[in-house]
Amino acid sequence: MILNLPKKILNSIVLIALLMLTGMPCLQAQTNVTLSGRVTDQQGGQPIPGVSVKVKGGTNGVSTDKDGRFSLNAQQGSVLVISSIGYINKEVAGGENMAIILSSLDKDLQEVTVVGVSVRKADLTGAVSGITEKTIKELPATNINQAIQGRISGVLVQNTNPRPGSSGSIKVRGNNSIRFGANPIYVVDGLVIDDGAFNSINPDDIASIDVLKDASATAIYGSRGANGVILVTTKKGKNGQGSITYNAWAGIQSFTKNVPYLNAQQIAELRIDAYANKFMDDNPTGNRQTYINTLLGTASPIFSQNELQVYRAGDSYNWLDEITQRGIQQNHTATFSKGSENGSVYVSFNYTDQKGLLKTSNYKRYGGQVNLEQKIKPWLKLGSNTNFSRTNESYIDGGVFNIAANANPLLPISGDIPYLSWKGIQNTDLYNPIRSLNIDGKGNLNRLLTTNYLAVTPIAGLTIRSGISLDVRNQDYYNYIPKSLGQSVRNATSGSATQKKENWFNWQWDNSVSYDKSIGKHNFSGLVSFGLTQNNYNYNQIDAYGFATDDFSYKYLGGAYLKDRTQLGSDFVTNSLISYIARGNYNYDGKYFATLTARYDGSSKFGNGNKWGIFPSLALAWDISKEEFFKSVNLDMLKLRAGYGIAGNQNIPNFAYNSLYRPVFSNGSVSYVSDGRLGNPDLVWEKQKQLNLGLDVGLLKNRLIINADYFVIHNDDLLMERTLSTTTGFRNTIANVGSLLNKGAELNVTARIIEKQDLQWSVSLNISSYKNKITKLYGSVDAIYNYGGFTGVEIQRTGNLFLNESLNSIYTYKFEKIAQSEDIERIKNINYGGHTIKPGDIIPVDVNGDNKVDDLDRIVVGKTDPKLYGGFSTNVNYKGLSLNAVFNYNVGGKGINSLYDGLMNGSGEYAGHIDQLDRWTPQNTNTNIPRAYIGGSRYSVSETDYSVQSTSFLRMTALTLGYNFDQALLSKAKMTTFRLYLTGSNLFTLTKYKGYDPEGGDSYPTSKMFVLGLNVGF
Amino acid sequence: MSALILISPSCKKFITEDPQTALTEENVFKSLDNIEPLVLGLYTSWRNTKKDRGGFIFTLGTDEAQQGAYQVRTDERQASLDRYSAFLTASNTALAEQWNSRWPVISAAAKVIYAIGLSQDADANRKNRILGEASFIRAALNFEMSQYWGEIPLIDQSKFAEYGTKRQPLNLVYSSIVADLENAAKFLPLTQSDKRRATSGAALALLGKVYLYAPVASGQRDFTKARDTFKKLIDAGTYSLVSNYADLWNPAKPNTTESIFEFQFNNVYPDNNQTQWQMGSRSLAEIDQYAFFGGYDLMVPTKYCYGKTAEGGIWEDGDVRKSESIRYDFTYKGKVPVLNPAFGGDELDPHVKKYEDPRTEGTLSFWLSGKNIFYLRYADILLCYAETLNETGATAQAVDLVNSTVRLRAWNGNLPADKKWNSAWSQQQFRDNMLDERMRELCFEGWRRMDLIRSGKLVDLVKARNKWARETGSIQAFHNRYPIPLQEIKQNDDISETDQNPGYLNQ
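Chains A and B, in that order, are what the protein sequence lines are. Residue 456 in our numbering sits at position 456 of the first sequence; the count goes up by one each step and never skips. Count along the second sequence starting at 1, add 1018, and that's the number in our numbering.
Keep in mind that the hints were calculated from the coordinates and are not lab data. Careful, some of the hints might be misleading.
Each pair of labels, with its calculated beta carbon distance range [stated by the list, open to error]: (1) A:G297 x B:L1523: 47 to 55 Å; (2) B:N1143 x A:L470: 30 to 38 Å; (3) A:N804 x B:L1523: 19 to 27 Å.
On the chain B side, residues computed to face chain A include the following (Cβ under 8 Å) [to be verified]: (4) I1033; (5) T1034; (6) T1039; (7) T1042; (8) R1091; (9) S1125; (10) A1126; (11) T1275; (12) P1359.
Virtual Cβ for every residue (Gly too), placed ideally from N, Cα, C.
So that you can see chain A by itself, here it is in the shape it has in the complex (with noise of 0.2 Å):
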């Protein structure tokens, strides 16, 4: 169902095309009639009183009334010029019923700011998709992440950690990078911050986010842009009469799915047939059912009697309900803000709390922002942009939901026990969840962001701009788990206590200059840069055992009576980049376009000699729709781009040019030891070259807008561990090595596709490709392998490197089949390695046909790239009702499903999934499913490619139902916006995958959830 999506949506855009053309009568004779609409404000939707509607080329003209409506009469086929002050003036043409939608003048739409230099967005050439503050609206997000995931092509967000306040992964345009560095930059007004995810922003706080893909938009950040750049714009106060708005929403959340669980019966059953499986392999003319009797007896070597009790009593245990709790989230944003020709003010606060879906689990966030810009003089003016944020989370334990879904359903639930059992046997890896619900985890994060400027305007055109910005975060963990619990007895630490505090504080200053200048339709901008950047870090941690008392939780360490136990841990690390940028553009008429910049950045991490790199970027564009031979034609746009630039990645582990020394305490002295890296004084920057070819067409008055990109990125240089010939002293060195192809493709549609004064419906959909090949690794090697597993030894399914695969690949056996008696004949020959099959075991193949199935038979299986990825999402307004569904599709991908693997293993002595009700048996051949076994030699399902499953899905993220109260109602109420909604967030996901999500993984499900919302401004 998932994989025939790309050709449902083709479909779709196919019918929207016909609804357009259908809905829309071509307007051509020339008579009178009336022209008639109601203009309102993109911001807000509200309507805009006083607007001058005028025909163009004509006199006549009326004003719009307080509902924003006006009517006229003019000539068939006429166009209208539509101006207010405050406003863009937009030239459409007339028709009956129109909506009319004016932008708002308000700089902070029109413009970005980039490192320390504020652009127009027009100024930003090549492949940039954003999204502005009404996208962000329509559904409840606490985090940017969130608020962009399957909205914008070419950006993959995935929910990997579906844990309160985790803010998932991101990636733009797939890996280009092997080893270090695939998280995008976030550029917050201008400061840079390179911690992969963050979420100390408020979306209520964002009028917009771009998101700079291609090289020659990333030049401008030169070594740092790599991996693109998300560039986040916080809202600016606007001009006219002050406003006030007041956000919020609560949720209430509950698990998408659970996996479906063997209950006692079926695990105690499956068990019996293990066992008696074993035995009959082991002894073929043995009885099977006196072995049975014995394994049911008081003398059980398989079962306690406990297990018995229940299993006779037909009882059954769910661990997971003892931890889990019903979720609530919460979200409030209250705003000021006014402008004026001379300055504006935005103030924020924000309150977010989560309470998770796993007892004492729970994240809380109060926030503010404060935007002020002023002109002090008509040449000088200041601006600074300051968010502060404090976290409060609390977290429970890492392993409990684990060993809570995977308890053995035997096991009376019961508090008092430190460890879970089977089989009567206490296995101390297994904490009782219920206990370890007492383990004390919080942590604490404050964070703040914060830019300045000052401009001075000398001549016009001229601005010279210099900045400050700073990113302060301290940030807090602390642990205590306490003295009775399985984990403080197993470790003989009689209580123990964590501590960890980390603070960053990382600085920018940005001078720059740039220059407008146009000459009749030559249109010139310039600006030249300098910056410097530094990062600082630092840590301390303690880590102290043994306490009289739980009472004190990790807060008194100086009460720890295991001195000898005590670890402590710390680091002190510093980075510093300075960068000269120059950039230049020109345009003619609007019509071409070219852009230059190139960016020379010097940067800690590398060695002397080595430090400066040069990234240059060049950008070309063709409006043709602007051209007079094309007038004719019925496009409103068509513009060509082409772009092709250097960027780079600096992202590696610090002073990788030098072998390092630490000194370590072991037997009661101090040594020094190498780390076992090679420092390597030729390091340079990985690069990035990437070419971008785009095409953006605007069709039907624009009600129809198609963006298309492909792009081609070659990433050379690649920074890598590379292991050495020890006869070298070392084990690795960081080298510049591999190569990385990646190309890809994105489109990006949106269509109004009815736009009649009371009702609007609108759709957009995008699809993102990529693909990547590792094209180089290093020397003759065309493998690097990843080992691990019981002995350390053995290949991982992930992690591997081959030379012309993916990097995402997943390398095992191939799963052939279940042995059926028939098979048992034609592989005797093969030698597996010390595995044994016998029917209903797994056949793995023998892909080179050596009869020997070994290392040279494992083979990349699949990748976890997705072959296409992006969302859709499609908007009704009626009068005052709305209606929005945001979906998020990924398709073509696999993941090994390794939660599948574990309750698949068919021994009945660990929790087990309910296909294994259809195992073979000697009764029932004719199934998938490997027999009941315990013990012995046979491949297990996690050795083969059995469990890779297809990732591809289909979610609803979002349903909104919302409701604009009426305006005159309203205005009588001294308010502006009454807008209530109805949010179901994640409510379905068609999805193959059997475990708990395609994307989110195997360790925790993803939640659902149903929100009631609330947006008042006066």
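Given the coordinates of chain A, assemble chain B onto it according to the supplied hints.
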């Protein structure tokens, strides 16, 4: 713009950040104050090769020990160390890990030796001592590597242009080892208060062993030199056997008079060694992680190693070493464990006892086991000395030596006449008995594979006594060496596919 001009001169300084919490290599080798802790670090890294699973890889596939039945079916690469199957090839990562963990130590020792040579420090005594220690470490590891892999690269900074990292002829390898040990014997002190450090006695003991163990092809095997070296050590009277064999395995009695060099461990991570985790019985682990003789059966004694002579094993009546070396009884807290039918089947067969650490009982997981591990033990030197006497024609003297020392102690100072070795034995009779005696005295202490290789008996005895090797029957003469790891061949420009040890595939 003015800022631009002002800042530019200090640009270079602004983007130069030195590590604040690590020393660069340059710094380390600049002063003796830094080199000394580095050498201590090398002892630790060398010690760590004896820890955990890796510490027993070379003992698997011998005639005294083999993998437990559950382990042998977990991973075929590891299993091939006993099975000598088609999975014992250049890509065998279990072996590659042993190769890779040793070279960085050898290389750093070589750097120390080089740096001492260049050092202008006035303290000659200190320089000599450090030189002695680094030479000892390099020699010990080169010796071990060469015993198992044959020709190996020689890491010598002063001859790097000539040697590179290619495999060197055996003669050169062993003469380099001898030279290092002669230096060590000259410069190291007779005793060290810090037990982690090597002494001149350790250097002499190892030098004697090198003369005895060097392959004939190296031209360095010399029984006379070996005998004289051992004699010098013995005559000095620094070491003596402890009277009670059991004391050797008592964690409360580390670093006895018998210990010439032992690796220092304790029960606190990272100085524990996990040996019991590898040696103990899974059946006990299933009952209780704090049972001090629980574990996961990586290595269990062969039947030959745990059986009595009457059963075709090595143990004679009354030999106290039998019950100190091997655990036969698994009764724990009054209960005899039941064999889990899902296990391999040998979990309650005799297990290695020498690494049991009763200090963990009831309070710590056996993962934290951390008794010291012997490297050079006086009993070993006495047996080696006896061998050199036998090889140089003094068989009767050799028999007397064994009877009056190692075997005397094995019967608690009261060796019955029928257990005494016969001074009328032929040279060959002595050799054959010595090979068994070494197993009785030194089993699981890491010398067995070398003893089998130098005596030329690896193939015959392993095929006969190791359960898994017997099952496959595929062990051959070329297995006297391990394969050069594939990654080494791919990454070391000085070693090509044709340099592989004969018999092994480069896959």
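A quick look at each hint next to the structure:
1. A:G297 x B:L1523: 47 to 55 Å: Holds: the Cβ-Cβ distance is about 52 Å, inside 47 to 55 Å.
2. B:N1143 x A:L470: 30 to 38 Å: 55 Å, violated
3. A:N804 x B:L1523: 19 to 27 Å: Given range 19 to 27 Å: holds, Cβ gap about 24 Å.
4. I1033: 4 Å, holds
5. T1034: Cβ of T1034 (chain B) sits 6 Å from chain A, so the hint holds.
6. T1039: It holds, given that the least Cβ distance between T1039 (chain B) and chain A is near 5 Å, below 8 Å.
7. T1042: Constraint on T1042 (chain B) satisfied, holds at 5 Å.
8. R1091: 4 Å, holds
9. S1125: Status holds, d = 3 Å.
10. A1126: 6 Å, holds
11. T1275: 21 Å, violated
12. P1359: 6 Å, holds
Hint check: violations occur at hints 2, 11; the rest are consistent with the structure.
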